[in-house]
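Q: What follows is the residue order along each chain.
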Amino acid sequence: VNKGLVVSSENGDFTMNLGGRIHADSTTHMNDDLQKRSNGDPAQAVSGTELRRVRLALRGKFNRDFSYNIEADWGGNSVSLKDVLVAYDATPNLEITVGNQKHSVSMEVEESSNDIMFNERSLLSALTLPHFDRAMGINVKTMGQNWSLKGGVYGDAVSASGNGADEGGGFGVRATFAPINESGQLLHLGASLGLRKANDNNSLSNGKTPRLRYETTNMSDLYLSDTGSIAGFEEIQLSGLELAAMHGRFSAQAELGQADIQRDGGSDLRFNAHYLQLGWTLTGEARNYKGSDGEFKMLKPRNNFDLSQNHWGAWELALRLDEVDLEDADIQGGSQQRVSLNLNWYLNANLRILFGYSRAYEVESGPLIQNGGSEEADNVDVVAFRAQMAL
Amino acid sequence: VNKGLVVSSENGDFTMNLGGRIHADSTTHMNDDLQKRSNGDPAQAVSGTELRRVRLALRGKFNRDFSYNIEADWGGNSVSLKDVLVAYDATPNLEITVGNQKHSVSMEVEESSNDIMFNERSLLSALTLPHFDRAMGINVKTMGQNWSLKGGVYGDAVSASGNGADEGGGFGVRATFAPINESGQLLHLGASLGLRKANDNNSLSNGKTPRLRYETTNMSDLYLSDTGSIAGFEEIQLSGLELAAMHGRFSAQAELGQADIQRDGGSDLRFNAHYLQLGWTLTGEARNYKGSDGEFKMLKPRNNFDLSQNHWGAWELALRLDEVDLEDADIQGGSQQRVSLNLNWYLNANLRILFGYSRAYEVESGPLIQNGGSEEADNVDVVAFRAQMAL
Amino acid sequence: VNKGLVVSSENGDFTMNLGGRIHADSTTHMNDDLQKRSNGDPAQAVSGTELRRVRLALRGKFNRDFSYNIEADWGGNSVSLKDVLVAYDATPNLEITVGNQKHSVSMEVEESSNDIMFNERSLLSALTLPHFDRAMGINVKTMGQNWSLKGGVYGDAVSASGNGADEGGGFGVRATFAPINESGQLLHLGASLGLRKANDNNSLSNGKTPRLRYETTNMSDLYLSDTGSIAGFEEIQLSGLELAAMHGRFSAQAELGQADIQRDGGSDLRFNAHYLQLGWTLTGEARNYKGSDGEFKMLKPRNNFDLSQNHWGAWELALRLDEVDLEDADIQGGSQQRVSLNLNWYLNANLRILFGYSRAYEVESGPLIQNGGSEEADNVDVVAFRAQMAL
Chain A
1 VNKGLVVSSE NGDFTMNLGG RIHADSTTHM NDDLQKRSNG DPAQAVSGTE
51 LRRVRLALRG KFNRDFSYNI EADWGGNSVS LKDVLVAYDA TPNLEITVGN
101 QKHSVSMEVE ESSNDIMFNE RSLLSALTLP HFDRAMGINV KTMGQNWSLK
151 GGVYGDAVSA SGNGADEGGG FGVRATFAPI NESGQLLHLG ASLGLRKAND
201 NNSLSNGKTP RLRYETTNMS DLYLSDTGSI AGFEEIQLSG LELAAMHGRF
251 SAQAELGQAD IQRDGGSDLR FNAHYLQLGW TLTGEARNYK GSDGEFKMLK
301 PRNNFDLSQN HWGAWELALR LDEVDLEDAD IQGGSQQRVS LNLNWYLNAN
351 LRILFGYSRA YEVESGPLIQ NGGSEEADNV DVVAFRAQMA L
Chain B
1 VNKGLVVSSE NGDFTMNLGG RIHADSTTHM NDDLQKRSNG DPAQAVSGTE
51 LRRVRLALRG KFNRDFSYNI EADWGGNSVS LKDVLVAYDA TPNLEITVGN
101 QKHSVSMEVE ESSNDIMFNE RSLLSALTLP HFDRAMGINV KTMGQNWSLK
151 GGVYGDAVSA SGNGADEGGG FGVRATFAPI NESGQLLHLG ASLGLRKAND
201 NNSLSNGKTP RLRYETTNMS DLYLSDTGSI AGFEEIQLSG LELAAMHGRF
251 SAQAELGQAD IQRDGGSDLR FNAHYLQLGW TLTGEARNYK GSDGEFKMLK
301 PRNNFDLSQN HWGAWELALR LDEVDLEDAD IQGGSQQRVS LNLNWYLNAN
351 LRILFGYSRA YEVESGPLIQ NGGSEEADNV DVVAFRAQMA L
Chain C
1 VNKGLVVSSE NGDFTMNLGG RIHADSTTHM NDDLQKRSNG DPAQAVSGTE
51 LRRVRLALRG KFNRDFSYNI EADWGGNSVS LKDVLVAYDA TPNLEITVGN
101 QKHSVSMEVE ESSNDIMFNE RSLLSALTLP HFDRAMGINV KTMGQNWSLK
151 GGVYGDAVSA SGNGADEGGG FGVRATFAPI NESGQLLHLG ASLGLRKAND
201 NNSLSNGKTP RLRYETTNMS DLYLSDTGSI AGFEEIQLSG LELAAMHGRF
251 SAQAELGQAD IQRDGGSDLR FNAHYLQLGW TLTGEARNYK GSDGEFKMLK
301 PRNNFDLSQN HWGAWELALR LDEVDLEDAD IQGGSQQRVS LNLNWYLNAN
351 LRILFGYSRA YEVESGPLIQ NGGSEEADNV DVVAFRAQMA L
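Protein chains in written order, with the numbering used here: chain A, 1 to 391; chain B, 1 to 391; chain C, 1 to 391.
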C-alpha cells in the first residue's frame with residue numbers, strides 16, 4: 001500500500017503499480033552577498049520555491065522472473081529519465097539489470113532521495129554525482145540477507161544528442177556486509193570502486209562539463225566549491241569506504257571518498273571528501289536497513305499522524321558533518337566544511353516534512369569571496385523546508 | 001467512471017486513479033493580414049492544427065485524510081507541470097494544499113479548461129493568467145455547501161532555472177457565496193484579490209517577461225493587445241468581482257477585473273477587463289455548479305451519444321462579450337472588444353466537441369494595424385474546432 | 001496480459017490500461033573515418049549507448065464505442081508525443097480517429113518499432129518518415145478480416161511553436177488486401193499514396209527542414225545519404241507498393257516507394273527507394289499478421305524463456321536488402337545499398353533482444369567520403385544491440 005496500489009494477475013506472475021514522488025521545496029540563504037574571486041562579479045544564491053522532484057514511475061513484473069521500472073522526473077518543466085530498466089531474477093540470489101540506472105558506488109548515492117535524512121546529499125556528492133549518477137548499462141548483483149555485491153558496466157548518461165565522438169564509458173562495483181543485522185541493531189561495512197573514461201575529445205558525450213562541484217541547493221546556482229571545467233579530462237576513478245551502525249533509535253553513517261583524475265597534458269589530480277551523520281528518532285522507531293541492498297530505507301512511523309486519535313507520526317533529528325577538498329595542482333576548486341541539522345516529521349508511510357539548516361564554514365580558496373573585500377565566503381547558511389510525498 | 005477508473009484499497013482509505021486530457025485543435029483566422037505599428041513588419045496569425053493540451057494526471061488518496069495530484073501537460077512536445085500537490089483534509093470543512101497550484105483568484109481561472117464553454121478564456125485572462133496562474137505555494141480553504149473561502153501564499157511559477165536573484169512571491173484570496181443553489185437554480189457572488197511582487201531585478205524569476213497581453217489562440221502568435229515588457233515592474237495587484245446565475249437550461253456568468261501595477265521609476269498603471277457570458281443548453285440539461293468550489297463544472301448529457309438508440313448527447317449554445325483595456329500612462333497596450341459564439345456538443349461525460357467563432361472589434365491603439373495602411377486592426381475573426389477528451 | 005494489466009468496469013464498457021516501452025540500445029560503427037565532401041571536415045559516427053525509446057501510454061475505452069490513447073516518448077530526455085487520439089467505432093467495420101497519429105502510408109511506417117524485425121527501419125524510410133510520420137489529423141478506416149482501407153487528412157506534426165505562416169497539410173490513403181490469410185499462410189498486397197504541402201514560406205511549420213535523409217542509427221549523426229535542405233520545397237507526393245507473404249516459419253515483405261517533389265523555382269524531383277526482407281523463425285513459430293490493419297505484429301514465442309523448464313523462447317533470423325537513390329537534377333543526396341542481418345531472441349510476449357548487423361555499400365555521390373582521399377564512403381558497418389521491453 002505504501003508503494004502505490006498494485007494491480008496483479010491471479011497467479012501473481014504479472015503485476016503493475018504506479019509510483020509517484022513530489023518534493024516541494026522552499027529555501028532561503030543567509031550570508032550570501034558574495035562575488036566571484038576571478039572578476040568581482042556579484043554572485044548571490046537564488047532563494048525561493050521549487051518543485052525539486054516530480055516523478056512518475058510505472059513498475060511491474062512479468063512472466064514471474066522479470067520486472068521493469070520506467071521512471072521520469074519533470075521538475076523544472078524538463079524531462080530527466082531516472083530508473084528505466086528491465087531486471088531478470090535468474091535465481092533468488094542473482095539479479096541482472098539492463099537500462100538506465102545508478103552506478104554501483106557509494107551508499108549515499110544508492111540511497112533514494114526519499115529515504116535520506118537531509119534535504120540535500122552531502123559534500124561527498126561533489127565527487128560522486130557529476131560522473132557516477134545514472135547511466136545506461138548492465139548491472140549484475142548477487143546478495144544475501146546481510147550482504148550484497150553489485151557491479152556493472154555503463155555507457156554514458158542519457159543525452160539529447162552526441163557531440164561528434166564515440167561515447168566514453170565506465171564501471172562500478174560495490175560490496176556491502178552487515179555482520180550485525182537484527183531488528184534495531186546494525187553494523188554495516190561497505191566499499192566501492194568506480195571508473196569513468198571521457199570520450200576521445202576529453203569530454204563527456206552527454207554534453208556535461210567534466211568538473212566537480214557542489215551547489216548549495218538545486219536552484220541556488222551558488223557553488224562554494226567548484227573546480228571549473230577540467231581541461232584534458234581523461235579518466236576519473238572513485239574509491240569509497242562506508243561504515244554504518246544502528247542501535248535502536250540511534251543510527252550513524254559515514255563515508256570516505258577519493259577521486260583520482262588523469263589528464264591529457266597535466267598532472268594527475270586527487271580530491272577528497274567525507275561525511276559523518278547521526279540520526280535520532282525522537283519518537284523511538286528504529287530506521288529500516290535492507291541488508292540485500294546495503295542501504296537505509298525511509299523510516300516508517302509507528303503511529304500515523306491522525307488528529308482524531310492524537311497520533312503525531314514519527315519525529316527525527318539528524319546531524320551531519322561533511323567536508324570536501326577540491327584543491328590540487330593547478331586546480332583551485334576550494335575546500336569547505338559544513339554542518340547540517342534536520343528535524344524531520346514522518347506523518348505516515350507516504351508523507352514527510354523536512355526542516356533543514358546548514359552552515360558552510362572554513363570555506364577556503366574557492367571561486368567565491370565576500371562582497372567588496374578579499375575575505376573568504378565563510379558561514380553561508382541555508383534554511384530549507386520540504387514537503388515530500390512518495391508512493 | 002467519468003474520472004477514470006479507480007483502484008481502491010478495501011477500506012477506501014487508499015485510492016488511485018489516472019486521469020488524462022486531450023484537446024486537439026484546428027484554428028483559422030480571417031482578416032489577419034496585419035503589420036506592426038512600430039516598424040511595419042508583417043504580422044499574421046499562425047493558423048493550423050495543434051495538440052493544445054495533452055495531460056496525464058495521477059491522483060489518489062492515502063491514509064484517509066490525505067490526497068495528491070501529479071499532473072503534467074506535454075502539448076507542443078514540452079513539459080508543463082500543472083497541479084502537483086498534496087492535500088490534507090483536516091476537517092470536512094478545512095483543506096490545506098501544498099504544491100504547485102492555481103492562485104486563488106477569478107472564477108474563470110479556477111474553472112478547468114475542460115469545463116468552460118469556450119475554446120479560449122476571456123479577455124479578462126490578459127490580466128489574470130500572466131501573473132496569477134499556477135505557482136508553488138500553500139492554500140488554505142474552508143467551505144460549506146454553498147460557500148467557499150480560499151487563500152494562499154505562493155512563490156514563483158515552476159521554472160527551469162533562477163536568474164540570479166531571489167524569487168518574488170504573492171498571495172491570492174477568493175470568497176464565493178451562493179444564496180441560491182438548488183437543482184438548476186443558482187445565484188453566485190464572488191470576489192477575489194491577488195498580489196504578486198517581482199524579484200529584486202524587477203523581473204519574474206521564472207524567466208517570464210512582466211507584461212499583460214492576449215493571444216488570439218494558443219498557437220497564433222498574434223496579440224491584438226499587448227503592453228510589451230513593463231520596465232521597473234515591482235508589483236501587481238488584481239481585484240475581481242464575480243456574478244453568476246442559472247435558471248434551468250440558461251446560465252449567465254460575469255466578471256470584472258482590475259490590475260494595478262506599481263513601477264520603480266514610473267507612474268502607477270491601472271488596466272481593466274470584463275466579460276459577460278450566457279449559456280443555453282439546447283437539449284435542456286442544467287449545468288453543474290459546485291458550491292464548495294464556487295465554480296461551474298462540465299455539463300453532463302442526459303443521454304449519451306449512441307446511434308443505435310438514436311441518442312445525440314447534449315448541445316449547448318454559448319455567447320460571450322468581453323473587453324480589455326491595456327492603455328495607461330506611457331503604456332500603449334491597446335484595447336479591444338470581442339464577441340464569441342460557441343456551439344458545443346457533449347457526446348458523453350468524457351467527450352465533447354467545440355465549434356467556436358469570435359470577432360475582435362473596436363481594436364484600438366494596439367501593437368498591430370491593418371496591412372499597408374494606418375487603419376486599426378479591426379474585425380479579426382477566429383474559427384476554432386476542438387475535439388476534447390477528458391478522464 | 002501482454003498489453004499491460006487492464007482495469008475494467010463491470011460491463012466492460014469502460015476499460016483502462018497502461019502501456020510502456022523501453023528500447024535500450026548499444027551501437028558500434030566500423031569504417032566510419034569519414035569526412036565531408038563539401039569541405040573536408042571530419043565526420044565520424046557517434047557510437048555508444050542510448051535509451052532509444054522510453055514510452056508510457058494510457059489507453060482505454062469509454063461508453064463502449066469510444067477509445068483513446070495518450071502516448072509520449074521521453075528518450076533523450078525530451079518529450080515526443082506519439083499516438084494521442086480518440087477513436088470512435090461507428091460500426092464494427094468503420095473507425096474514425098481524431099488526433100496525433102501516423103499518416104496512412106507504407107506498411108513499414110504503420111508497423112510498430114516493437115514489431116519490426118530490425119533495429120532500424122529500411123532506407124525506404126528516408127522517403128517516408130521525414131514528412132509522413134505522425135501529424136494532427138482525422139483518419140477514417142474501413143476494414144474486414146483480410147482487407148483494410150484507411151485515409152486521412154492532416155495538419156502539421158506537433159510543434160512547440162509556429163513560424164509566422166499558416167501550417168501546411170496533407171493526406172494519406174492506404175489499401176491492403178490479403179487474398180490468402182490463414183494460420184501461417186499469407187499473401188498481402190498493398191498500395192498507398194500520400195501528399196504533403198509546405199506552408200507559404202516553403203517550409204514546414206513544425207520547424208523541421210524540408211529534406212530527405214537517412215541516419216545510420218538514431219544517435220550516430222551520420223548520414224550517408226542526405227539531400228540537404230531543399231530550397232523552394234512546395235509539395236511532396238509519396239507513392240508506395242507493398243507485397244508480403246508467409247509460409248509457416250518463413251516470411252517475406254517488400255516495398256517500393258517513390259517521392260515526387262515540386263519546387264518553387266526549380267525542376268521537379270523524383271527519388272526512389274525499396275527494400276526486401278526475409279524472416280525465418282528458427283524455433284518454428286509463424287509471425288502474426290493482422291488482416292484488418294494490413295501489417296505484421298510481434299512474434300509470440302511458443303514457449304516463454306524459463307531456465308527451470310529448459311525453455312528458450314523464440315529465435316528469429318532476418319535478412320534485409322534495401323536501396324535508396326536521392327540523386328536528381330541539382331540535388332546530390334547520394335545513393336546507397338545496404339544489407340542487414342538480425343538475430344532476434346523473443347524471451348516472452350514482453351521482452352526481446354535484437355542483435356543487428358548492417359553494411360552500407362555502393363555508397364555513391366553522397367555528402368560523405370573516405371577520410372583523407374576522394375574515395376566514396378563505402379562499406380560502413382553498424383553493429384547494434386537492443387534490449388526491448390514492451391507492454
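Calculated directly from the structure, the hints in this document are not laboratory data.
Note that beta-carbon positions come from the ideal geometry of N, C-alpha and C, so glycine has one too.
Please note that a few of the clues may not be correct.
As the list claims (entries may be wrong) - Mimicking PhoX-like on lysine-lysine, the simulated pairs with C-alpha atoms at most 20 Å apart in a straight line are:
1) C:Lys300 / C:Lys141
2) A:Lys61 / C:Lys141
3) A:Lys290 / A:Lys141
4) A:Lys300 / B:Lys300
5) B:Lys290 / B:Lys300
6) B:Lys300 / C:Lys61
As the list claims (entries may be wrong) - Only part of the chain B face toward chain C is listed, based on derived beta-carbon distances under 10 Å:
7) Arg21
8) Glu50
9) Pro92
10) Leu307
11) Leu343
12) Leu347
Stated by the list, open to error - Computed footprint of chain A on chain C, listed as stretches where at least three residues anywhere in the stretch have a Cβ under 8 Å from a Cβ of chain A:
13) 14 to 22
14) 49 to 61
15) 383 to 391
Q: If a hint holds in the structure, say so; if it doesn't, say that too.
A: Against the structure, the hints:
Proximity of C:Lys300 to C:Lys141 is assessed by CA-CA distance (about 27 Å); at most 20 Å being required, the pair is judged violated. Our distance criterion of 20 Å between C-alpha atoms is broken by A:Lys61 and C:Lys141, whose separation comes to about 35 Å. For the proposed pair A:Lys290 and A:Lys141, the alpha carbon gap of about 15 Å is at most 20 Å, so the pair holds. Distance hint between A:Lys300 and B:Lys300 is unfulfilled; the C-alpha atoms sit about 43 Å from each other, more than 20 Å.
For the suggested pair B:Lys290 and B:Lys300, the alpha carbons sit about 14 Å apart, so the restraint of at most 20 Å is met. Restraint check for B:Lys300 and C:Lys61: satisfied, since their Cα atoms lie roughly 18 Å apart, inside the 20 Å limit. Interface restraint check for B:Arg21: the shortest CB-CB distance to chain C comes to about 8 Å, inside 10 Å, so the restraint holds. Checking B:Glu50 against chain C by beta carbon gives a least distance of about 7 Å; that is within 10 Å, so the hint holds.
The interface hint given for B:Pro92 is violated, since its Cβ lies 29 Å from the closest Cβ of chain C, which is over the 10 Å cut-off. At about 7 Å, the closest approach between the beta carbon of B:Leu307 and any beta carbon in chain C falls short of 10 Å, and the interface hint on this residue holds. Taken as an interface hint, B:Leu343 does not check out: its beta carbon lies about 17 Å from the nearest beta carbon of chain C, beyond 10 Å. For B:Leu347, the suggested interface contact is upheld, since its CB lies about 8 Å from the closest CB of chain C, less than 10 Å.
By the rule of at least three residues with a Cβ nearer than 8 Å to a Cβ of chain A, the coverage given for the stretch 14 to 22 of chain C holds, with 3 such residues. With 5 residues having a Cβ less than 8 Å from any Cβ of chain A, the stretch 49 to 61 of chain C passes the three-residue criterion, so the hint holds. Look at the stretch 383 to 391 of chain C against chain A: 3 of its residues bring a Cβ nearer than 8 Å to a Cβ of that chain, three or more, so the hint holds.
In the structure shown, a violation is registered for the earlier hints numbered 1, 2, 4, 9, 11, in ascending order.
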